Each structure stands twice: as C-alpha cells, then as structure tokens.
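Engineer: Sequence:
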Amino acid sequence: MLNLVVAAMITFTVLQSREAYRSRSEITTQNLAKVIDANISGILAKIDVALLAVCDEYERQLGAGAVASKDLNHFIVRQHKRLPELVALRATDPAGMAIYGPEVTPATTKSLAHRDYFSAQRDNQHLGLVISKPLVGGISGKWMVVLSRRVNFPDGSFAGLVYAGITLDYLSQSFSTVDVGKQGLLSLVAADRTLLARYPKLSRPSGAPEIKINSPQFDALLASGRASGTYLAKSSIDGRDRIYSYRKISLSQPLYVFVALATSDYLANWYKEVYHGVFFMLIFLTITIALAMIFSRQWDRSRKAEQALKALEDERLKMEKLESLGVLAGGIAHDFNNILTGILGNISFAKLQLEPEHGSQPLLEGAEKAALRAADLAKQLLTFARGGAPVREVTSVALLVDEALLLTLSGSNVKGVVDIPGTLSAVQADVGQMSQAFRNIIINAVQAMPDGGVLNITARELVLEPGNPAKLPPGPYVRIAFTDHGEGIPESALKKVFDPYFSTKPKGRGLGLASAYSIVNRHGGSLSVDSRVGEGSTFTIDLPSLERRFQPREPETTLPRGEATAQLSILVMDDEEVIRHLAEGMLLHLGHQVRTCPDGAEAVRLYQEALRDGTPFSLVLADLTIPGGMGGREAAQQILAADPGARLVVMSGYSNDPVMANFREYGFVKALHKPFGIEALAALLQSLDGVTTTGQGKA
1 MLNLVVAAMI TFTVLQSREA YRSRSEITTQ NLAKVIDANI SGILAKIDVA LLAVCDEYER
61 QLGAGAVASK DLNHFIVRQH KRLPELVALR ATDPAGMAIY GPEVTPATTK SLAHRDYFSA
121 QRDNQHLGLV ISKPLVGGIS GKWMVVLSRR VNFPDGSFAG LVYAGITLDY LSQSFSTVDV
181 GKQGLLSLVA ADRTLLARYP KLSRPSGAPE IKINSPQFDA LLASGRASGT YLAKSSIDGR
241 DRIYSYRKIS LSQPLYVFVA LATSDYLANW YKEVYHGVFF MLIFLTITIA LAMIFSRQWD
301 RSRKAEQALK ALEDERLKME KLESLGVLAG GIAHDFNNIL TGILGNISFA KLQLEPEHGS
361 QPLLEGAEKA ALRAADLAKQ LLTFARGGAP VREVTSVALL VDEALLLTLS GSNVKGVVDI
421 PGTLSAVQAD VGQMSQAFRN IIINAVQAMP DGGVLNITAR ELVLEPGNPA KLPPGPYVRI
481 AFTDHGEGIP ESALKKVFDP YFSTKPKGRG LGLASAYSIV NRHGGSLSVD SRVGEGSTFT
541 IDLPSLERRF QPREPETTLP RGEATAQLSI LVMDDEEVIR HLAEGMLLHL GHQVRTCPDG
601 AEAVRLYQEA LRDGTPFSLV LADLTIPGGM GGREAAQQIL AADPGARLVV MSGYSNDPVM
661 ANFREYGFVK ALHKPFGIEA LAALLQSLDG VTTTGQGKA
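Counted from 1, the sequence shown has number 66 at position 66 by the working numbering; the numbering is strictly sequential.
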C-alpha cells in the first residue's frame, strides 16, 4: 500500500510538472511576442519617419510650383542611406510611375498603378501609412512588403506616393536572434491572415501564391476583439503541435507577430524528468512515507524562507531607490530655486530702476511671470520628491481651465468652449498638479479629434449622496466635464483607459490619463469617463467644494519710489554669491545698512562682534542649507544663545522643509521662500514691526 501511495504521488507530480512546463512556455511565448512587437514596430516606425520626411519635402516642392528632381532625388538618397535595411525608397507621379529615388532611371522605372496599395492611397486621402501584402518588387525583383504614404498637391488632390520596400528576408532575419527551440517559429501576419515573414523562413519562388494562415483558434480570438492571445494548435503548414502567442504590433496597421514553441521542444526537459522520476521511484519506493513527509516539509519551509528573504530584499531596494530619487529631486529643486532667486530678484530690482511707463516694463513683467512659473515647477518637483502629496491652496477652477486651454490648444485646430459660472465655489488643490491633470485630459481630447472640432468644458456644483457611484464621501463637490466629439473609446477599452501604459493610440505612451487619475484621487476626488464610439467622450472630475467663491489675493504692493522704512542694520548669510549681491543691492536700495557672509560660522562671528561693539544687527537673513558648512538653523541657535532678542529670518529653496513651515519653533521670526523679489523683501521688512519689540540697535 505504501508503494502504491508513493507511485501515485510521483505520477501526480509528473502530471503537475507537465502543466507547469506548458504554463511557463505560454508565458515565454507571450514575453517573446512583446519583444518581437517592439522590434518590428521600431523597424516600421523608423521607416515611416523617413516616408513622412520625403512626403514633406515632395509636398514642399509641389507647393513651390515645381519639383526639383535633382534636389528631391538627393533628399531621398540621404534618407535611404540612414535606413540600409530598405531595398527601395522612391516616389511616384500621379500616374504611378516611380520617377524619384536611388537607382531610378527612365530605362528602369516601373508603374505602380496596378498595385493595390497605390489605388487605395489614390482613392482615399485619409489612409495614412499603408503596408502591402508580400509582393515581388518591379525594380528589385525581390520578395518584399511595401510601406507607402500619399503625397498631395497643394489643393489636396493626389500627387503620387512615397514608398519604401523591405525584404521578407530582412524581416525573417530580424527574428533569428530569438531562441525558440529546434521546431519553434516566429512570424509576421497581416490582418487577412497573409504570412508576411517567417523564421525559419520558407523558400518561395517568385511566381508562388501568397501563403495564408489557417487557424480557427486565432480567428476566434480576433473575433472576440483581443489584440493578443495564446492558444495550442497544429500548424497548417508543417502539421506540428505548438503553443502560439500572438500580439498586434504597436502601429495603426493591423499586423500581428506570432511566437510558437513546439510541444516536443518545451517538453524535452519534462521527458527527462519523467525518466528520472521513474528511476527515483524504483529506487526509493521502499522509503517510508514519514521520511518523505519530513523531507517535503523541510523543503517547503526553506522555499518560504527564501521567498520571504527575497521579498524583504526587494522592499529594501525599492525604499533605497525612492529615497535616492527624493534626495535628487530635492537637491535639484533647491539649486533651481537659488538660480531663480537671482533671476526673479534682479528682474524685480530692474523694474524699480525704470519709470512705470518705460517700454521695458511689460517685458520685465513677462519675464517675472515666467520665472514664477518656473518656481511652481520646482515646487512640484519637491512635491513628487516626497511621494506626490499635493501642496494645496485655495484656487479657482475657471483659472485652472483657462491656463490649461491656453497652454494646450495653442496652435491646434480644436476650439475650446468654456461654460463656468462666475459664482462657482473655489476648490483646494495643488495648482501645478491639477493644471497638469486638466492639460492631460485636453491633450487626449485633441488627439481624439485629429481633424479639428470643439471641446466643451463645463463646471457645476452638486451634492453627492451616500453610496454615490464614485464612492466619494457625501457632501458638496464641483464637477468639471470635458466633452469632445471625436472618435470615442471602444467599450472593451473603457475599463483600461486609466491604467498606466495602456493607450488606444498607436504612438501613445498611456501615462497622461493615468497621471490625471492619480492626481485627482490624491485630491480626494474622482475621475470617470463616458464614451460612445463615433460620438465622442466625456471625462468628468469631481473635486470637494469649499462652498465659497474664490477671492484672488491682492498683488503685493510695489514699494513707492523714494519711500523707505526706518533704517535697519541687516546681516545676510547665503552660500550663493549672486544671492548675497542681489540681497545687498535690494536692501541698500530700500535704505538699509547691509553686511554679507557665505556661511553660518561667519554670521555668528560677525553678529558677536557687532554685539560686543554695542551695535547689534537689527535683523539677520540666514540661508537654511549651506553645503559643507554651518546652515541657518545651527547659526540661529548660537546667535540666540548670545542675544535672546535677536531677530532672524530663515531663507530656503526647500519650501517643504519643516523649518520653513514651523520657523518659530526654531527661533526665527519669519520665513522667506526662494525665489523672491524686492517687493517680497520690502513687505517682509515692513511686517517685522509687529513681530517683536524694539531693542537696542533694532527697529
């Protein structure tokens, strides 16, 4: 009985092993199909870039009134040299005669008017890139597939084709680096089941008919709308059993790559396991079940321990990468803000040197706005450095929409129609992140209407009840709807539109809508989509409402010319020389006495000397972070130890540093965020009168 039990267990294990081999082979073919897809898509996309370049040059010369054959031939030859894999790169006239390109002479030129792809491009100006069935080149005499694009006269009528030929041998050879075993195969198949390329390649005489793939399983999967799939079938060409995985290539053309592993190949090792298993069973069937159970349990514990150790190691590596990314992003943002401080400060300082009506004032204001937008970018960088948590402020949906439309629709043939009431409640959001989410949705709408159209944007207030479809907490919300009238999204793709790396567009990266979805969720809202094929799509955002209108902040008052606060003695500590010089110039302009130094140790020394001389500084502006030296936090502790009444202001480009958010806990009376201009500096000095009492030498 024990022997029978052991035999049954071994038999069961062998059968499970066979299934595991089959599953692994399916995964292998799927992964290889992705690799081949990327390879073939890259080859075809590179050829399409060359076709587009030649089309543009051809149409440019047509628009100029006449085609300079020599110049166009030279241009085509240059493009051809960049793509040695092409057997042909030529252009035709409206009648289909190949008259431009390398190796084209009156004696060798051929007409393409009888080709299917020529007539299709001639009769339909919206086809874009067309890939032909396998054919024998009229000039080269080689089996190839042809990629073509239509050329138009300035009035839009048909002017000819630009086409490129790539041999089936080249496509087949590009598969040869992939190991699919002795009996495996790789192939490229058109939507009508025509075999375009195969490895190992098939010998085909020039007059042979095209080869069709006959696979009911493949037909059924395509009929169900699946762009990729895996199935087991017998080849219609050589009759071998194989596991097939297919995948539609990442282009608009319906081409499919196939990867197949022969059953005899992927089960070869399994057969060895069967032989070893039988041998093992004959030798060890006399061993007791108890010993077998002990061994099994020990192996299982070891495997689980190894998996747990690997999981811990993976988590450690992930945390190290995130920490490194945060440090890098924070450092970049800090340095960026220091640079912007010099730019923004000098701009604001320059504005004061000119009369209000001076012609340079609008230019300086434009540069100042651009610098402030760059500062917002640095702020977003800091936000993502700590995990993407939004830095929220009260803002207006209308302002966010207007800014997103201005940045996105400029130069496009899509018109934005906005319907947002002036009484709409404000929301609390990270302006940079939410503006990016809006822009991503608008970009998606523009891409859905390649021929132009209207994008309607509306915003309304509503109250969500418990159990709402968005699963948001009940309460007041602002709903923003973006409605395009484009191609629409198939129902099969609606559930995936917010998935990272999923895109229905041939060249889409699938990150825009996923990013918008993430941003809206982090703001406590929801993003949803409703679409009908051929009618358009509506993306709807619900954001928590503040139930009050947005009140724009009053702009900082520019310090009147000639008007100054009481003279102060100010010490400025910053490691950046340009910021020290800038702060010194602005403070001198405001009528104050200024000393500067590059680090905290020097600032402490200068303050202590002034204190001993009976002329302590009225104010210290201290940079928070000094690489390789004493920063503002340590310097403040030493200065306050010598003079508890000292007034210190912390400066930093790290707007998210806890010292900047809770400056009073560290002995500072104010925090000055970089970048800043002279208006912000003047406002800070004026605000200090009410912060502390006046002491000796202090104003």
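If you're looking for bench data, these hints aren't it; they were derived computationally from the structure. Fair warning: this is a prediction, and the values are worked out from it, not measured in the lab. Virtual Cβ for every residue (Gly too), placed ideally from N, Cα, C. Each hint should be verified, as a subset may be incorrect.
[Said to hold, decoys possible] Across the chosen pairs, the derived CB separations fall in these ranges:
#1 SER252 with SER518: 23 to 31 Å
#2 GLY452 with ARG392: 54 to 62 Å
#3 ARG24 with ARG60: 30 to 38 Å
#4 GLU535 with ALA370: 23 to 31 Å
#5 PRO362 with ALA470: 53 to 61 Å
#6 ARG60 with ALA120: 18 to 26 Å
[Said to hold, decoys possible] Think about it this way: if two alpha-carbon atoms lie no more than 16 Å apart in a straight line, the pair counts; the simulated EDC-like pairs of lysine to aspartate or glutamate are:
#7 LYS201 with ASP179
#8 LYS495 with GLU465
#9 LYS110 with ASP93
#10 LYS234 with ASP219
#11 LYS415 with ASP402
#12 LYS351 with GLU679
#13 LYS70 with ASP48
#14 LYS495 with GLU461
Engineer: The structure should be examined with respect to each hint, and the outcome stated for every one.
Structural biologist: Structure-based check of each hint:
1. SER252 with SER518: 23 to 31 Å: At roughly 28 Å between Cβ atoms, SER518 and SER252 fall inside 23 to 31 Å, so the hint holds.
2. GLY452 with ARG392: 54 to 62 Å: Since GLY452 and ARG392 have Cβ atoms about 36 Å apart, the given range 54 to 62 Å is violated.
3. ARG24 with ARG60: 30 to 38 Å: Violated: the Cβ-Cβ distance is about 54 Å, outside 30 to 38 Å.
4. GLU535 with ALA370: 23 to 31 Å: About 40 Å separates the Cβ atoms of GLU535 and ALA370, which means 23 to 31 Å is violated.
5. PRO362 with ALA470: 53 to 61 Å: Check failed, 45 Å falls outside 53 to 61 Å.
6. ARG60 with ALA120: 18 to 26 Å: holds (24 Å)
7. LYS201 with ASP179: holds (15 Å)
8. LYS495 with GLU465: violated (24 Å)
9. LYS110 with ASP93: holds (11 Å)
10. LYS234 with ASP219: holds (14 Å)
11. LYS415 with ASP402: Distance ~13 Å between LYS415 and ASP402 Cα, so the pair holds.
12. LYS351 with GLU679: Since the Cα atoms of LYS351 and GLU679 sit roughly 10 Å apart, the hinted pair holds (cutoff 16 Å).
13. LYS70 with ASP48: Roughly 23 Å between the alpha carbons, so the hint for LYS70 and ASP48 is violated.
14. LYS495 with GLU461: Outside the cut-off at roughly 26 Å; violated.
The structure shown violates the earlier hints numbered 2, 3, 4, 5, 8, 13, 14.
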